[in-house]
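Asks: Residues per chain, in single letters:
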Amino acid sequence: MKHHPDYEWLEQYAAGSLSVGPALCVAAHMALCIACRNQVAAMQRVGGALLTEIGSMPIGDSVLQAIFAKIDSEPAATVLPVIHNTVVGAVDSDIPTPLRQWVSRGYDRLTWSRALPSLRIAALDVGDEQYQVALHRIGAGGSVATHDHSGSELTLVLRGSFSDEAGVYSSGDFLVREPNQPHRPIAAQNGECICLAAVAGPVRFTGPLMRWVNPLLR
Amino acid sequence: MAVIELAAVRKAKAMTGSQEALTADEDSWGPLLLQVAAQDRQAFARLFHHFAPQLKAFGLSTVIPDRSGQFADELVQEVMITIWRKAGSFDPAKAGAATWIFAIARNKRIDLLRKLNRHRGLVDIDDIWPLEDESPGPLQTLQQHVTEERVRESLVSLPLAQREALQMAFIEGKSHSEIAAELALPLGTVKSRIRLAMQRLQLMIDRQDHL
Chain A
63 MKHHPDYEWL EQYAAGSLSV GPALCVAAHM ALCIACRNQV AAMQRVGGAL LTEIGSMPIG
123 DSVLQAIFAK IDSEPAATVL PVIHNTVVGA VDSDIPTPLR QWVSRGYDRL TWSRALPSLR
183 IAALDVGDEQ YQVALHRIGA GGSVATHDHS GSELTLVLRG SFSDEAGVYS SGDFLVREPN
243 QPHRPIAAQN GECICLAAVA GPVRFTGPLM RWVNPLLR
Chain B
56 MAVIELAAVR KAKAMTGSQE ALTADEDSWG PLLLQVAAQD RQAFARLFHH FAPQLKAFGL
116 STVIPDRSGQ FADELVQEVM ITIWRKAGSF DPAKAGAATW IFAIARNKRI DLLRKLNRHR
176 GLVDIDDIWP LEDESPGPLQ TLQQHVTEER VRESLVSLPL AQREALQMAF IEGKSHSEIA
236 AELALPLGTV KSRIRLAMQR LQLMIDRQDH L
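Taken in order, these protein sequences are the chains called A and B.
Each residue of the first sequence is one higher than the last, beginning at 63 in the numbering used here.
Each residue of the second sequence is one higher than the last, beginning at 56 in the numbering used here.
Simulated from the structure, these hints should not be mistaken for lab results.
Heads up, some of the hints might be wrong.
Derived DSS-like pairs: lysine-lysine, alpha-carbon spacing no greater than 25 Å straight-line [unchecked claim]:
no., chain 1, residue 1, chain 2, residue 2
1, B, Lys141, B, Lys170
2, B, Lys170, A, Lys132
3, B, Lys246, A, Lys132
4, A, Lys64, B, Lys246
From a predicted model like this one, the values you see are computed outputs, not experimental measurements.
Could you put the whole structure together from the sequences, leaning on the hints where they help?
Replies: Now the structure itself:
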């Protein structure tokens, strides 16, 4: 793994100001990257330190009583299950934990639609108004036509690897493409490539023959 | 592990006689959390009296027209109930008490804001922002290289502009572009203020070091 989220993504993730789409990409990378987990754990300490310096607003004892009442009214489920929709059998055990709430039964059970001959897309409904989140699947050796974005595109490689003009990316690698950085991803010859992608705003294909596909990827 | 816990609980018990001692040494909130994990309601009440007013201030910093007060009250209640339920998973070797509580509050704010905006689909926010690092811990020591306590001490030495940016990011939950818009500053200025602050607090880890 060579490509990590920039500090600014990690910091906004730690602060909780990222919307769910980008946060999911960062979290899925972190599930695979102990260095970024450590970095976020360190940054979160700023939140802890600031919380204790924030000052205090008066709060009545009635609130405490209400909390105790609520605790008493609920069954003593003190041990919360830590099962994250565990995949039945060992299907796709490489799915990072944060993703499992959408991919609980493995990649193949998602609804994939063919966006281009070599590219299939499965949209994930994460309820993010700004970012569209989807899994992208490129067949071995397949390429996606040169395209650009009107907003940031975050990509996390989940399986296999792909390359573009700027480099080679394999499992766990996290990359961000800003608008006006047209690129042409090509999957490695030795296997398909599955990526998690969050895109702000529509995709624009920049090749002359590709304009008609644009509406499909909105 | 049990032995360590018992020692921590003893330490907390020794301190329960003195409110000042607890306030002076913020790390004592960790042992108190361990008592809460054992369903100790007195310990929980002490924790409530210390943190609930801060959590309310945290909630009020989220500006929602006409509803900030109600939002803050709901946040306090949700966070405190989560503390009660999850205290057993608090690991003092991995995080300070206030940092752990901050993470819960951050998640609850995201959750409540999404409900307020009537987002479709139930998303488990705690899966996207996990409260615990489940990985085993040779790197724990590295994680703790600058403790919550040290961060708190160093915050006062930050230039005001940097501290303000951190405050808006972590307490008000604003993105860099929202901060830039509010302060009428270029986005790059906000980014560099936060980055410089993190450097000064010695919280930047060179990720190439241990891959």
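Asks: What are the numbers of the hints that this structure violates, sorted from low to high?
Replies: Failing hint: just 3.
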